[in-house]
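Asker: Read off the chains here:
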Amino acid sequence: MSEEFKVEIVNPEKSFLIKEDVSEVVVPAFEGDMGILKDHISIISFLKPGIIKILSKSGDENYYVEDGIVEFKNNNLSILTSSILNIADIDKSQQQDLLKTAEEEANKSEINDQSKYLADQKVEVLKSLN
Amino acid sequence: MASLDDLKKRIASVKSTQKITKAMKMVAAAKLRRAQESAEKGRPYSEKMNNVILNLFNGVSDKENAPKLLSGSGKDKVHLCVVMTSDRGLCGGFNSNIIKKAKSYFARLSEEGKNLKIVTVGSKGNDQLKRAYGDKIIANMSFKESKNANYFDAEKVGKMVIEKFEAEEFDVCTIFYNQFKNVITQIPQAQQIIPLNVENSEENKSEDSYEFEPDEDEILSNLLPKNISTQIFKAMLENSASEQGSRMSAMDNATRNAGEMVDKLTIEYNRSRQAAITKELIEIISGAESL
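Protein sequence lines correspond, in order, to chains A and B.
The first sequence begins at 1 in the working numbering and counts up by one.
The second sequence begins at 1 in the working numbering and counts up by one.
Be aware that one or more of the hints could be misleading.
In the SDA-like style, the derived pairs of lysine to any residue whose C-alpha atoms are separated by at most 25 Å in a straight line are [as the list claims (entries may be wrong)]:
| id | chain 1 | residue 1 | chain 2 | residue 2 |
| --- | --- | --- | --- | --- |
| 1 | B | K181 | A | E105 |
| 2 | B | K41 | A | L118 |
| 3 | B | K48 | A | E24 |
| 4 | B | K159 | A | L118 |
| 5 | A | K100 | B | S146 |
| 6 | A | K14 | B | E155 |
| 7 | B | K48 | A | S56 |
| 8 | A | K108 | B | K164 |
| 9 | B | K68 | A | N112 |
| 10 | B | K159 | A | D113 |
| 11 | B | K159 | A | N107 |
| 12 | A | K57 | A | I90 |
| 13 | B | K41 | A | I18 |
| 14 | B | K48 | A | F30 |
| 15 | A | K48 | B | K181 |
| 16 | B | K147 | A | N107 |
| 17 | B | K156 | A | Y117 |
| 18 | B | K156 | A | E103 |
| 19 | B | K48 | A | L55 |
| 20 | A | K14 | B | Q189 |
| 21 | A | K48 | B | K156 |
| 22 | A | K53 | B | F212 |
| 23 | A | K38 | B | E47 |
| 24 | B | K159 | A | E105 |
| 25 | A | K48 | B | F152 |
| 26 | A | K100 | B | E155 |
| 27 | A | K73 | B | K159 |
| 28 | A | K53 | A | Y117 |
| 29 | B | K156 | A | D120 |
| 30 | A | K116 | B | N222 |
| 31 | B | K68 | A | Q114 |
| 32 | A | K14 | B | K48 |
Which bits of chain A does chain B cover? Going by a derived footprint, with three or more residues having C-beta under 8 Å, they are [to be verified]:
| id | region |
| --- | --- |
| 33 | 11-25 |
| 34 | 36-44 |
| 35 | 75-86 |
Because the hints were derived from the structure by calculation, they are not lab data.
Every residue gets a Cβ at the ideal spot worked out from N, C-alpha and C, and that includes glycine.
This is chain A alone, in the form it adopts within the complex (with noise of 0.2 Å):
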């Protein structure tokens, strides 16, 4: 028995990818990071910042997320999300800015204890990026 499911994940502008052979999925959830496997229970969450690392007999994939939502059902897996980014497309310099837009988000002072802690969560995963 294959031990494969189908992970679909979309964002605003288009289907971003697609993958039928998957294995295991791991998703910064928001109550920390979870890891799907087939026949995984349905299941609705939604994401923190953090990567997402699609694990599959034709390799393994790193994204980073700002932010999301899962949807697990029938094996089925749809994360839709906003900013969406392979790691391996990210180089140095966009690292960079996107570490200092985050930076200055958490050091904003009028800002509440929800996305305070959002913007400390991306901080801290885009440093662990280097």
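Given chain A, work out where chain B should sit, using these hints.
Answerer: Same frame as chain A, but now just chain B:
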């Protein structure tokens, strides 16, 4: 009758107009393809988003205390209308159709004694509504600088709408845009986004029960603002495809009309040229006879 010289000038001017409309048609056709493509590509996102919200909505046990963006503020007094039009003219009935739809909606609202607030997206709509509803327009946004509809712009509109909702400036929000059906037909749409209209999609209720992490309410309150931006973005994409389609067919008509006009003017020109030649001949002949 116009002189030969005048006719010649007119033919030349109509021809150059025709060249312009033809070029505009070509440009619109090229842009239409791109706009249509991105409208199609953007559809999965908003569809999925709708699905998730629907599932969530069915999962929410306490519908009374659902987030306000979903259930509304409990009142129905102040209506916010977001009228989305283009920034450029020369696109046939595109803008007027939206405005017409919006105006009839406004008229109904004022009959029912409700307050009206308008946000215009796109400068053409602002121009047309300024005269009759100038005092109702609370904001005007236009994205002339961005070449294509992008999510970033939609988010700006969405954020503004949500801020105003949270400040309790309005109770119901409706967006007006043109839905792209094909090049010839665009259907003006009025879509209510706050409170969200879930009733009409209830038949495709899913049986599955989901696990939610964190709980439904929290996800919903995170998701709904995103959904507003998504719906606005979808409207923008549909609108930009409609605009190009409408412009293309308008320019096609204009080119054809210019062609007809050139034909007519050419016939007239030839006729008066012949008449002038005949007149000259008669003059010469009668001059020779009199000798």
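Asker: Now, for every hint given, state plainly whether the structure supports it.
Answerer: Now the hints, each set against the structure:
Distance check on the hinted pair: K181(B) and E105(A) sit about 41 Å apart at the alpha-carbon level, beyond 25 Å; violated. Between K41(B) and L118(A) the alpha-carbon distance is near 29 Å, which puts this suggested pair outside the 25 Å criterion. The suggested pairing of K48(B) with E24(A) holds, with an alpha-carbon distance near 22 Å, which does not exceed 25 Å. Distance check on the hinted pair: K159(B) and L118(A) sit about 18 Å apart at the alpha-carbon level, within 25 Å; holds.
For the suggested pair K100(A) and S146(B), the alpha carbons sit about 24 Å apart, so the restraint of at most 25 Å is met. Taking the CA atoms of K14(A) and E155(B), the gap is near 16 Å; set against the 25 Å cutoff, the hint holds. Straight-line distance between C-alpha atoms of K48(B) and S56(A) comes to about 24 Å, which keeps the hinted pair within the 25 Å bound. For a cut-off of 25 Å, the pair hint linking K108(A) to K164(B) stands: about 22 Å separates their Cα positions.
The suggested pairing of K68(B) with N112(A) holds, with an alpha-carbon distance near 20 Å, which does not exceed 25 Å. As the CA atoms of K159(B) and D113(A) are separated by approximately 19 Å, the hinted pair is consistent with the 25 Å bound. Of the pairs offered as hints, the one joining K159(B) and N107(A) holds, with about 21 Å between alpha carbons and a cut-off of 25 Å not exceeded. Straight-line distance between C-alpha atoms of K57(A) and I90(A) comes to about 23 Å, which keeps the hinted pair within the 25 Å bound.
Distance check on the hinted pair: K41(B) and I18(A) sit about 13 Å apart at the alpha-carbon level, within 25 Å; holds. The hinted pair formed by K48(B) and F30(A) meets the criterion: a straight-line CA distance of about 20 Å does not exceed 25 Å. At roughly 37 Å between alpha-carbon atoms, K48(A) and K181(B) are farther apart than 25 Å, so this suggested pair is violated. The hinted pair formed by K147(B) and N107(A) fails the criterion: a straight-line CA distance of about 32 Å is larger than 25 Å.
For the hint linking K156(B) to Y117(A), the alpha-carbon distance of about 22 Å falls within 25 Å, and the restraint holds. Annotation: proposed proximity of K156(B) to E103(A) holds, straight-line Cα distance about 21 Å (limit 25 Å). For the hint linking K48(B) to L55(A), the alpha-carbon distance of about 23 Å falls within 25 Å, and the restraint holds. A threshold of 25 Å between alpha carbons decides the hint, and for K14(A) with Q189(B) the separation of about 23 Å falls inside it, so the pair holds.
Restraint check: the Cα-Cα separation between K48(A) and K156(B) comes to about 21 Å, which is no more than 25 Å; the hinted pair holds. Between the alpha carbons of K53(A) and F212(B) the distance comes to roughly 21 Å, so the proposed pair stays at or under 25 Å and holds. Our distance criterion of 25 Å between C-alpha atoms is met by K38(A) and E47(B), whose separation comes to about 24 Å. Annotation: proposed proximity of K159(B) to E105(A) holds, straight-line Cα distance about 17 Å (limit 25 Å).
Simply put, K48(A) and F152(B) have alpha-carbon atoms about 19 Å apart, close enough for the 25 Å limit, and the pair holds. Of the supplied pair hints, the one linking K100(A) and E155(B) holds, its CA atoms being roughly 21 Å apart against a limit of 25 Å. The straight-line distance between the Cα atoms of K73(A) and K159(B) is roughly 30 Å, outside the 25 Å bound, and the hint therefore fails. Pair hint K53(A) plus Y117(A) holds up; C-alpha atoms about 22 Å apart against a cutoff of 25 Å.
Between K156(B) and D120(A), the direct Cα distance comes to roughly 23 Å. Compliance with the 25 Å bound is thereby established for this hinted pair. For the given pair, K116(A) sits about 15 Å from N222(B) by alpha-carbon distance, which is consistent with the 25 Å threshold. About 19 Å separates the Cα atoms of K68(B) and Q114(A), which keeps this hinted pair within 25 Å; it holds. For the proposed pair K14(A) and K48(B), the alpha carbon gap of about 12 Å is at most 25 Å, so the pair holds.
Judged by the Cβ-Cβ criterion of 8 Å, the region 11-25 of chain A is covered by chain B as claimed, because 5 of its residues qualify and three suffice. For the region 36-44 of chain A, the assignment as covered by chain B holds, since 4 residues bring a beta-carbon within under 8 Å of that chain's beta-carbons and 3 suffice. Check on the region 75-86 of chain A: 3 of its residues sit with their Cβ under 8 Å from a Cβ of chain B, so the three-residue criterion for coverage holds.
Consistency with the previously given hints fails for numbers 1, 2, 15, 16 and 27, ordered from lowest to highest.
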